[in-house]
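Peer 1: Read off the chains here:
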Amino acid sequence: MKENILIIGGGIAGLEAASQLLKLGYNPIIVERSGRLGGHVADWNRLFPDMTPAEEVVSRLVAGASEANIFLNTEISFINRLKDSYNVMLSNGVSIITKIMLFATGFSLFDASKKEEYGYGVYNQVMTNSDLERWFNTGHDCRITEEGPSAMGFVHCVGSRDEKARNSQCSKVCCITAVKQAIEMKQKFPDAMIYCFYMDLRMFGKKFEDFYISAQRDYGIRFIRGRVSEVSENIEGKLVVKAEDTLSGRPVKVTLDLLVLMSGIVCDHQTCRTAGMLSLPLDSDGFLKSRDNIADITASPKEGIFYAGACTGPKTVPETLAEARSAALEIHNHIISLSEELNSNSEGQ
Amino acid sequence: MDFGFKISPSSAVNLDNVDLSLYDRLHEVEPDIAKCIACGSCSASCPAGRFSGMSMRKVILDLQRGRQKEAVKMLSGCMLCGKCLMVCPRGINTRHLILAICKLYGED
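Just so you know, the sequences run in chain order G and R.
With the numbering used here as the guide, the letters of the first sequence map in order to residues 137 to 485.
With the numbering used here as the guide, the letters of the second sequence map in order to residues 426 to 533.
Keep in mind that a hint or two might mislead.
[Unchecked claim] Going by beta-carbon spacing under 8 Å, a handful of chain R positions derived as facing chain G:
| # | residue |
| --- | --- |
| 1 | Ser436 |
| 2 | Ala437 |
| 3 | Val438 |
| 4 | Asn439 |
| 5 | Leu440 |
| 6 | Asp457 |
| 7 | Ala459 |
| 8 | Lys460 |
| 9 | Ala463 |
| 10 | Leu486 |
| 11 | Arg490 |
[Stated by the list, open to error] With a Cα cut of at most 25 Å, we get these calculated SDA-like pairs of lysine to any residue:
| # | chain 1 | residue 1 | chain 2 | residue 2 |
| --- | --- | --- | --- | --- |
| 12 | R | Lys528 | R | Ser501 |
| 13 | R | Lys460 | G | Glu345 |
| 14 | R | Lys460 | G | Arg361 |
| 15 | G | Lys342 | R | Ile462 |
| 16 | G | Lys235 | G | Lys251 |
Derived by calculation from the structure, the hints in this document are not laboratory data.
All C-beta atoms, glycine included, are put in the ideal place defined by N, C-alpha and C.
Based on the sequences and whatever the hints tell you, model everything.
Peer 2: See the structure below:
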């Protein structure tokens, strides 16, 4: 009989792990709480640094996992620990007996309205990175007019590296996402003046630095080192943004037609609940705690429970995919060791 | 009437009123100026800096924030030795840039 493997989350990590496990001859079961596969990446339009369409990536992953059992709009109701396995009850009434579970639960985007000083949900012209991606995908958003903004800004680190927001971790991908989105906006509206307000730029990945240089040199995007202190609205309904230009030591003020907040990656509340059912520990940053943060990132401290992707911390798409593959291999090795154990026990009798 | 005291003018930069047309022309001839990440290597290695207050990093920033008078004044302390060119991590040809600024902003 094929071994059941329960994958929690149908985002890119879950899909990639499922397709690898199918190839290894197992029976992966994906449980996804939303109505579609692909997670956050499915909401995105193009991916840095090569502007790959997100849809292409997601559809390739979905095709790879098509043989898996997939439950959409389904959550985990409760989990019972059996002798050497788990009985998982789903919200649709199905119960699954499995020895192996893979958390591919991903992350949540920080709720930008919590940073009231930036005016998300207060002023009409403030949006988030994910709102902007939705506009790239659909072309519908009342905040962006047909002729486009004449001046716009990006605010980096919204809800990341922010103790006041109780998220001290860096979200890793927003720096490069802001640069990508700024370039995309400049391509659509070449006359727009685009500012990026940053406190630190972390261009760690492959070709990220080139992307940043190109944003500066070829697209003329203006980077201002200084955190936005306050956003207000003037009588014409435009945004007045204040910050300190920490390089010159002077306060700056600028009037903008559009402001995009780079909402950070935070741990998912629902994931913590599910982890709680299994008494899985959380790390000091609020994400799931791996057995070892260097050598064993895809293993949980509990036998038979594995992690892949952003449930253990912010990650890029290629990092998540690599982790999903590595988790699949870990699971494969674990199953082999289980059956070897079983064989040696029965021989001994 | 002068009462002998006044409120000091605000040091704030209002980016709405900044005229960057000259800077944009400079950017066309020297696109590398936008690559500056304000690391300060140029200023740290500048032999004139200690005596004249010259700082290439500040010159570039002033130009980007529309404070061209200050920038051009500061450049008068430059001896064109080119040390900053050798240390710039972004590979900006600072010496060439300084000459382009002088040409464009009409100073020598």
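Peer 1: Hint by hint, note whether the structure agrees.
Peer 2: Comparing the hints with the structure gives:
1. The interface hint given for Ser436/R holds, since its Cβ lies 5 Å from the closest Cβ of chain G, which is under the 8 Å cut-off.
2. Satisfaction of the interface hint for Ala437/R is found here, the shortest Cβ-Cβ separation to chain G being roughly 4 Å, below the 8 Å cut-off.
3. Hint on Val438/R holds. Least Cβ distance to chain G is approximately 5 Å, under the 8 Å limit.
4. The beta carbon of Asn439/R is positioned within 8 Å of a beta carbon in chain G (closest approach about 5 Å), and the interface hint is therefore held.
5. Hint status for Leu440/R relative to chain G: holds, with the closest Cβ pair at about 4 Å, below 8 Å.
6. A hinted interface residue such as Asp457/R counts as satisfied when its beta carbon comes closer than 8 Å to some beta carbon of chain G; here the least separation is about 7 Å, so the hint holds.
7. At its closest, the beta carbon of Ala459/R sits 4 Å from a beta carbon of chain G; the interface hint therefore holds under the 8 Å criterion.
8. Of the supplied interface hints, the one on Lys460/R holds, with its beta-carbon coming within about 5 Å of a beta-carbon of chain G, less than 8 Å.
9. Because the smallest distance between the Cβ of Ala463/R and any Cβ of chain G comes to about 5 Å, under 8 Å, the interface hint for this residue holds.
10. With a least beta-carbon distance of about 5 Å to chain G, the hint placing Leu486/R at the interface is held under the 8 Å criterion.
11. Of the supplied interface hints, the one on Arg490/R holds, with its beta-carbon coming within about 6 Å of a beta-carbon of chain G, less than 8 Å.
12. A hinted pair counts as satisfied when its Cα atoms are at most 25 Å apart, and Lys528/R with Ser501/R qualifies at roughly 13 Å.
13. This hinted pair checks out: Lys460/R and Glu345/G have alpha carbons roughly 11 Å apart, not beyond 25 Å.
14. Taking the CA atoms of Lys460/R and Arg361/G, the gap is about 14 Å. The hint holds against a cut of 25 Å.
15. A threshold of 25 Å between alpha carbons decides the hint, and for Lys342/G with Ile462/R the separation of about 19 Å falls inside it, so the pair holds.
16. Taken as a hint, the Lys235/G and Lys251/G pair is broken in the structure, with Cα atoms around 42 Å apart against an allowance of 25 Å.
Hint 16 from the list above is the single one not met by this structure.
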